[in-house]
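Peer 1: Residues per chain, in single letters:
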Amino acid sequence: MSAPTPTAPAHVAGLVRDFGGRRVLDGLDLTVGPGEFVALLGRSGSGKSTLLRVLAGLDGTDEEGIAGTVEVPGSVAVAFQEPRLLPWRSVRDNVRLGLHRDDAPEAADRALAEVGLTERADAWPLTLSGGEAQRASLARALVREPDLLLLDEPFGALDALTRIAMHDLVLDLWGRHRPGILLVTHDVDEALALADRVLVLDDGRIAADHAPDARPRHDTADLRATVLGELGVIAGAAG
Amino acid sequence: MSTTLPGAPTRAPAPSSPADPPSAPRRRAIAWQRWISPVAIVVVWQLASSTGLLAEDELASPVRVVRAAVDVTASGELPEGLAVSLARVVVGFLLGAVLGLVLGVWSGLSRWGGLLVDPPVQMLRTLPHLALVPLFILWFGVQETPKVLLVALGVLFPIYLNVHAGVRGVDPKLLEMARVSGFDRREVLRHVVVPGALPSALTGLRLSLGIAWLSIVVAETVSSDSGLGYLINDAREFLRTDVIVVGLVVYALLGLGTDALVRRVERRALRWRPAISGTES
Numbered sequence: 001m002s003a004p005t006p007t008a009p010a011h012v013a014g015l016v017r018d019f020g021g022r023r024v025l026d027g028l029d030l031t032v033g034p035g036e037f038v039a040l041l042g043r044s045g046s047g048k049s050t051l052l053r054v055l056a057g058l059d060g061t062d063e064e065g066i067a068g069t070v071e072v073p074g075s076v077a078v079a080f081q082e083p084r085l086l087p088w089r090s091v092r093d094n095v096r097l098g099l100h101r102d103d104a105p106e107a108a109d110r111a112l113a114e115v116g117l118t119e120r121a122d123a124w125p126l127t128l129s130g131g132e133a134q135r136a137s138l139a140r141a142l143v144r145e146p147d148l149l150l151l152d153e154p155f156g157a158l159d160a161l162t163r164i165a166m167h168d169l170v171l172d173l174w175g176r177h178r179p180g181i182l183l184v185t186h187d188v189d190e191a192l193a194l195a196d197r198v199l200v201l202d203d204g205r206i207a208a209d210h211a212p213d214a215r216p217r218h219d220t221a222d223l224r225a226t227v228l229g230e231l232g233v234i235a236g237a238a239g
Numbered sequence: 240m241s242t243t244l245p246g247a248p249t250r251a252p253a254p255s256s257p258a259d260p261p262s263a264p265r266r267r268a269i270a271w272q273r274w275i276s277p278v279a280i281v282v283v284w285q286l287a288s289s290t291g292l293l294a295e296d297e298l299a300s301p302v303r304v305v306r307a308a309v310d311v312t313a314s315g316e317l318p319e320g321l322a323v324s325l326a327r328v329v330v331g332f333l334l335g336a337v338l339g340l341v342l343g344v345w346s347g348l349s350r351w352g353g354l355l356v357d358p359p360v361q362m363l364r365t366l367p368h369l370a371l372v373p374l375f376i377l378w379f380g381v382q383e384t385p386k387v388l389l390v391a392l393g394v395l396f397p398i399y400l401n402v403h404a405g406v407r408g409v410d411p412k413l414l415e416m417a418r419v420s421g422f423d424r425r426e427v428l429r430h431v432v433v434p435g436a437l438p439s440a441l442t443g444l445r446l447s448l449g450i451a452w453l454s455i456v457v458a459e460t461v462s463s464d465s466g467l468g469y470l471i472n473d474a475r476e477f478l479r480t481d482v483i484v485v486g487l488v489v490y491a492l493l494g495l496g497t498d499a500l501v502r503r504v505e506r507r508a509l510r511w512r513p514a515i516s517g518t519e520s
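Note that the protein sequences, when read in sequence, are chains A and B. In this text, residue positions in the first sequence follow my numbering: the first is 1, and each later residue adds one. In this text, residue positions in the second sequence follow my numbering: the first is 240, and each later residue adds one.
Simulated DEER-style distance windows between Cβ atoms:
1) A/Asp-222 with B/Ala-508: 56 to 62 Å
2) A/Gly-14 with B/Arg-506: 53 to 59 Å
3) B/Arg-510 with A/Glu-119: 15 to 21 Å
4) A/Glu-119 with B/Arg-364: 47 to 53 Å
5) B/Arg-364 with A/Arg-110: 47 to 53 Å
Think of the hints as simulated: they come from the structure by calculation, not from any bench. Predicted model only: the values in this text are computed from it and were never measured. Using N, Cα and C, we set each Cβ at its ideal position, and we do this for glycine too.
Please put together the full structure from these sequences, using the hints given.
Peer 2: Structure (structure tokens):
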């Protein structure tokens, strides 16, 4: 991984990732500009999460079976599919820990206020609802003031109503802090509702790159059908 | 010990289920009712002794036991023996626990630690450590050293095994989270590894305390000129079954006391688990 440059775009070129002979990523190119909201769609097993792990630095470039250029901006934060909160630390500590700043406690409280969890700051994580836990996870990512925020299907396990509320929250937070966002998801509607650019990952590379209309979006039906087709789903067939 | 996994949905049992935590007055009533049969046993024992059914040199009557307890306490024999045995257990336990903890964390965290430490410990643990008494007497004589070491050895294995398993069992997803969240090594250890391994380590602690008492009983019974075991053995020489029973009761109370202590520690250390309630452990 090259030296990080703040506010530079995240840039991936010719990324190849092999797992014991199975090629998951095959010469993938990707750029996420500063402040850009990019959604990455793909069928399950298409390598979405693999790409995200490489960007998060969890799949080191010194390992075997990996090649290509990966440049990420100075500060990267991740919100995982499961919230991954430490169950034995309070919600506030979960947000604060690992943050080596003098004002870490205040910053943690501010982040919790932003996601609407102020009253739950002293709670044990296992007492949170699924939506609350995911909001705590977002606060933990946010407090790191990331230039690039990686979201790995963070709303996948939530019920439909909570998911809509989370979409609004993410858009709101993105509007205020303007990190570059890479949202990995398998939900086409979610991608179309949130992102500036919608990418489709197939065969180990970016197979399609769409830019939906400017916000607010009303009619995305045509684009939705196109993207579903690219994902191998025949839109409308299911009724 | 709670058996509810962290993260598992925990539901209160149906209101009429027998596992339902009873209300406070009802709980007090149950606590009282639980004493009926133990008291009955003691009464029957006393009756058997009084009627001569139970010979004095086989088993002293409860009244004789209580009198003996007062006697050996007043004469200083019991407090002295208790202090000696307690000191042996404490020193042996600390020795074994610290060693087990260090080895368990090392072998759980580092590749080389696991390779070097785990195989011999796993082999040795199949050996009943009490079978080493003859060797220990040959090596260390009959003074304090063999007794303390026997306790330490007995304590070492359950602590090691449970700490090792606990460290290995720390959720890799949490470790990944710690990595992307910028935790340094100390923070990973303090906030992820240690609390993650704690439930398992506490189970090891509880097991090891039971074994510590068992070891000191055996060691003091085989050879001793002081301590609780000596008090019991000496009483045997004079057919004082009352004093023997006093010694046994003290052993039982000590085991009970340490167990209650660990349960308190457990409740405090694992209070983040929503399932901990008064009816468990």
